[in-house]
Amino acid sequence: MTVKIIGVPFDQIVPEIQEALDTALAGTLNLQQGSLAKANPKDTGRMAASWTVGKNTPDRSVKPEGQQSPEPTPYSGKITFEGDWYISNNVPYAQYIALNYPPTATKAQKDWYTSIANQTGVVFTRQFNKVKP
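Going by our numbering, the sequence shown opens with residue 1, and the numbers climb by one from there.
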């Protein structure tokens, strides 16, 4: 009996999947970083701009006081689907704003941070489905 498989040779499948995983993870990290900055109740200044992406350890950098642009700095290296990736914020009041901020401003919702963080798996799945081989 002979079995013939038609399609992409096996040794070429793994690089295609790895590239799709890399692309999906890069898209996920960029989207989540941007979502955190945009939803940040303190939307003008250094907290919104201080959401950073780090590989294997959180990025400990903080934007300087008086930061006017709420845009975070994108990760400058190549994002690959290996290691541990972090989106963090190291301004001194970040934990309070992320987890305990009272929703007094119209833009704020009590669980703004948690609702974004909890969607990371869904965002990754959508990104992967866009690029999967």
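Among the clues, some could well be false.
List of simulated lysine-lysine pairs, PhoX-like, C-alpha gap at most 25 Å [to be verified]: (1) K55 to K78; (2) K38 to K132; (3) K55 to K110.
Listed next, with one range per pair, are the computed distances between beta-carbon atoms [to be verified]: (4) V122 to E82: 15 to 23 Å; (5) Q95 to P15: 36 to 44 Å; (6) Y96 to G34: 18 to 26 Å; (7) K38 to V14: 33 to 41 Å.
Calculated from the structure, these hints are not laboratory results.
We treat Cβ as the ideally placed atom computed from N, Cα and C, and that holds for glycine.
The hints, checked one at a time:
1. A threshold of 25 Å between alpha carbons decides the hint, and for K55 with K78 the separation of about 10 Å falls inside it, so the pair holds.
2. A threshold of 25 Å between alpha carbons decides the hint, and for K38 with K132 the separation of about 28 Å lies outside it, so the pair is violated.
3. Between K55 and K110 the CA atoms are separated by roughly 29 Å; this puts the pair beyond 25 Å, and the hint is violated.
4. The supplied range of 15 to 23 Å is met by V122 and E82, whose beta-carbon atoms lie about 22 Å from each other.
5. Between Q95 and P15, the C-beta spacing of about 40 Å keeps the proposed range 36 to 44 Å intact.
6. Restraint check, Y96 to G34: a C-beta distance of roughly 22 Å satisfies the suggested window 18 to 26 Å.
7. Range check, K38 to V14: about 36 Å between beta-carbon atoms, so the 33 to 41 Å window is met.
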